[in-house]
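S.K.: Just so you know, the protein sequences line up as chains A and B, in that order.
Quick note on my numbering: the first sequence kicks off at 1 and runs consecutively.
Quick note on my numbering: the second sequence kicks off at 1 and runs consecutively.
If you are wondering where the hints come from, they were derived from the structure by calculation, not from laboratory data.
From a predicted model like this one, the values you see are computed outputs, not experimental measurements.
We put the CB at the ideal spot given by N, CA and C, even for glycine.
Among the clues, some could well be false.
Unchecked claim - Now the stretches of chain A that chain B is said to cover, found in silico as 3 or more residues with beta-carbon under 8 Å: (1) 165–173; (2) 291–299; (3) 412–418.
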Amino acid sequence: MNSTNNHLLVPTAANEVSSNIIGNIDGVFGASLAGWFYCEADSDESTLTLFVDGVESNTVKVNESRPDVSENLGFGGNSGFTFDLSSIEIDGVVELSVKHRKSGYDFFSQSFNYSSDVHPLKMQIAEILFPQYYRAKYGLASLNNEDVLHHYMSEGIYSDFNPNPWFDVKYYRKNHPSKKGRKWLPVIDYLQREASRMELQKVEPEGDEHSEINELMATSELFDPQHYLAMHQDLKSMTNLLGHYVQFGHYEGRSCVERRVPDHIRNELEVYQDIEPALLSISNSIDWVVRYPIIKESTYLPEISELLFKDQIEVVICVPFITVGGADLLATYLARAYEQQFDPDSVLIIVTNSDEIEVQNWVDSSTNVLLLEKECNFADKEDKISTLHRIVSTLAPQKIINVNSNECWEMFRNFGAQLSSVLNLYAYAFCFDYDIKGRRAGYIPEYIPDVLRSLTKVFCDNSSIIQEIREIYGFSDDVMQKFHTLYSPLPSDLPLRATGNTERNKKILWAGRLAHQKRPDLLVKIASALANETFVVFGPAGNSKVSDDIIAGRYKNIEYQGVFSDISEIDLDEYFLYLNTSQWDGIPTMLLLMCAVGMPIVTSDVGGIGEVVDDSTGWVVKNAAEAQDYITTLRMAIVNFYETEQRALHGAARTRKIHSWDNYIQDLMLSGAFSEREELPKNLEAAVIHNDISTAQNCTNDEIYEVDRASESIEETFYDSLKVVDAEQQGDQVKNVASQ
Amino acid sequence: MVNVSCVVNAHKEGNLIYATLQTVKLACAYAQECGLSVEVHVVLDKPDAVTEHIVTREVSDIGTIHVVNFGDLANSRNYATKECNGEFITFIDGDDLWCESWVVDCFLAAQKLPDNVVLHPEFNLYFGSHSSHVFQHVDMDAPDFDIACLTTMNFWTALSFAKKQTYLDFPYTRNDIKDGFGYEDWTWNYRTIMHGFKHKIVPGTAHYIRKGKHGESLLELSNKMNVIPRIMKLYENYDAVSTDLKDVA
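Given only the sequences and the hints, what does the whole structure look like? Please build it.
M.R.: What follows is the structure in structure tokens.
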């Protein structure tokens with residue numbers, strides 16, 4: 001067993017008895033007990049003894065490779081040991097401990113509970129575990145969901161932790177009075193009975209189903225496997241009924257415990273039909289009993305978030321992912337800026353559409369990050385939006401800043417009025433996107449008109465987009481005051497490209513997503529016309545029709561080099577010019593970087609590009625849609641290369657000045673974004689969320705009264721869309737599960 | 001001394017209120033038979049003629065009728081609370097029905113419980129539409145009650161039974177959906193829990209709740225408007241719209 005990958009085992013001085021005896025028991029892994037031990041006095045391999053319930057059992061030599069120990073302590077490279085527990089006869093739950101007899105060292109009396117019945121049922125245990133519930137209920141928020149199984153099998157099961165909301169260990173123990181003491185594990189007992197049921201079924205497939213499940217008893221007041229099986233005959237061959245309910249059944253609304261309206265109420269219902277004949281409608285569905293809660297994986301995320309971050313979060317930054325995109329990088333800059341201005345622990349990045357940070361070095365290891373898709377599977381998009389809202393409502397920050405997260409935009413739209421009444425909302429707007437018909441699309445037209453009234457500020461990485469928004473929407477001057485240009489900062493350690501480097505065997509660099517927006521198809525035409533030049537492309541695949549061909553290397557003088565996350569990965573000396581062919585953009589991050597390092601540039605002039613590259617700092621192509629203009633401009637840039645280099649030098653100096661970190665902080669400060677609590681948007685406009693609301697405002701008093709009455713019946717609306725699986729219709733499984 | 005005040009909140013239920021009043025009478029009569037002292041208050045908030053006529057006919061000699069002009073259910077309930085003389089109060093809406101044992105069973109349950117408890121029926125039988133069904137309330141002491149779930153679902157209807165002082169200390173607030181906040185009954189449940197109250201069920205009791213109410217289309221509208229209750233930390237300090245009891249007819 002390789003212990004080096006186990007997160008539990010960091011050698012610490014706390015384990016040290018004297019300077020020449022030190023060790024740690026890492027824990028039980030499957031059917032092994034492992035750890036490390038170093039005794040300077042032992043000339044040969046040390047020998048350790050295993051004790052089972054205080055009785056000496058077997059011994060092992062300490063000789064396994066432990067590079068982690070060596071790396072941390074400078075010695076102990078072969079200090080690992082493993083006891084094979086499968087060879088030991090163990091009855092029920094025992095206590096394991098280890099001792100070095102020679103010195104008497106006993107690992108600070110560490111001991112571990114162990115049952116040989118646990119590991120063989122690992123798969124079944126995994127099926128009944130509800131990680132989010134487990135982490136929330138037992139304060140284990142810092143565990144990953146993947147770690148929950150190990151924790152439960154090594155510790156939780158012995159501490160009578162419930163693996164899910166439907167298995168109550170105390171209830172199970174209470175209902176099995178003949179089985180007492182710590183030596184018996186309720187969960188194992190249940191799973192073993194499940195296994196017995198299946199074995200019996202194999203032997204007697206036509207047998208009385210009740211006899212074979214007689215031994216299978218309720219795991220709590222909330223789950224009765226006999227009832228579950230009786231109600232859902234399609235599960236007869238299911239090997240783990242509780243596991244099925246945890247994984248599927250409760251989402252499907254399957255009945256798992258008898259809930260019956262008592263006879264006296266049924267009788268009263270009959271009598272009351274003389275008073276109210278409409279009661280007849282319930283007679284046929286009186287056995288359709290619904291009961292809260294309806295639990296999803298996302299139910300526990302607010303609680304987990306609160307455990308992780310407590311009440312220290314003041315700023316939440318929402319971003320869809322942290323890959324190689326410019327907006328992703330900007331979100332990390334924003335986090336860093338707020339960490340510097342506020343308490344570093346008070347900033348939280350919520351990544352809404354990924355379960356990992358793809359570019360690890362963009363985020364400091366101490367930065368608070370919550371990866372929504374790592375925490376749970378969401379029922380649907382509405383579930384995620386609602387959960388995001390509940391998380392921020394639980395953490396109660398002062399500010400929420402959206403950097404391109406669709407879910408955050410939706411949250412702003414759905415709950416902007418409410419959120420903006422108690423905190424400041426901000427969003428980044430970069431540029432318009434365009435659909436295939438050339439119509440403006442993307443987050444600006446989708447959300448800005450609706451959400452603007454709830455936003456305190458809108459940040460833009462260039463001024464051109466602000467002017468464009470003003471011209472298109474005609475917002476008042478007051479409203480336009482919300483828009484602020486925040487020039488993106490540059491990394492602090494940017495190199496400066498060597499000048500005088502005019503060797504003509506160098507290449508032309510192109511970098512960006514191979515998406516239609518960036519016009520790699522124009523690059524293909526340009527490369528075809530300038531066949532004597534070599535074009536090197538960096539960037540992820542995209543929706544451009546030439547994306548696959550470029551990646552496959554199908555163009556003679558276009559070399560695809562994959563993706564990079566840091567400019568240091570590029571040898572700038574290989575290139576004599578950077579080409580940008582964006583059809584629409586804000587200020588492309590790569591263009592900014594190239595300008596700052598002094599790379600000569602030929603670029604389109606769309607969006608905010610003109611605020612970085614003009615005729616004094618590069619070569620600008622006025623007609624961004626035509627390859628010929630690029631070709632001509634490139635030829636001019638190459639012919640006049642001295643001029644080209646001078647422009648590049650000027651561009652580097654100017655860009656570094658404007659896009660410095662200090663300028664960025666100052667711009668944020670001047671915008672008011674760092675203020676403890678900026679003035680909240682007036683609620684007059686915030687009240688009018690949709691046209692429907694104005695309808696409600698014009699309601700007569702009668703209608704408002706009925707809304708009051710009807711709104712108390714929220715359950716009705718919920719259950720209108722919740723349909724229980726009908727046990728009689730085996731093929732008609734999942735109905736709708738109402739969303740929250 | 002009055003043990004229990006039974007409050008019927010009515011508006012324009014018309015003939016529907018007749019069945020309600022019959023079950024109220026049954027419940028009160030049964031409670032009195034068991035030895036309890038009960039009183040009945042019907043609060044008619046901007047009623048129509050039919051509703052007022054039926055209430056007057058059915059209640060005049062067994063209870064007190066209040067005609068008010070709030071146009072708001074929260075205000076009506078709060079008003080009724082102040083008018084009640086009972087140690088306990090229980091509410092019903094003008095088109096719903098009680099089980100016969102509701103009043104007495106609640107009183108008996110309350111005797112075993114501390115004052116900071118709100119009681120609910122075990123079963124809610126929703127009738128009157130194609131989706132009639134039974135909704136079983138959850139007791140806070142039940143194993144499946146989880147406070148974490150309270151932010152996503154409202155466990156209990158507003159038709160409760162509790163000490164009069166409870167309703168005085170925690171008056172209902174009106175739905176002010178214009179600002180995006182509503183579901184005041186949900187907020188009330190949450191607020192009382194945050195102040196140490198337990199919501200429990202009275203086993204074996206039932207309310208019969210009418211579906212297909214006039215105005216449910218506006219409920220759907222409210223749902224579409226993303227109205228939320230004030231039950232999370234971020235919104236807890238939001239100033240609820242105050243109730244105003246001055247418009248009493």
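S.K.: Indicate, hint by hint, whether the structure satisfies it.
M.R.: Hint by hint, here is what the structure shows:
1. 165–173: That given contact holds, which follows from 3 residues of the region 165–173 of chain A lying within Cβ reach (below 8 Å) of chain B.
2. 291–299: Per the Cβ count (6), the hint holds.
3. 412–418: holds (count 4)
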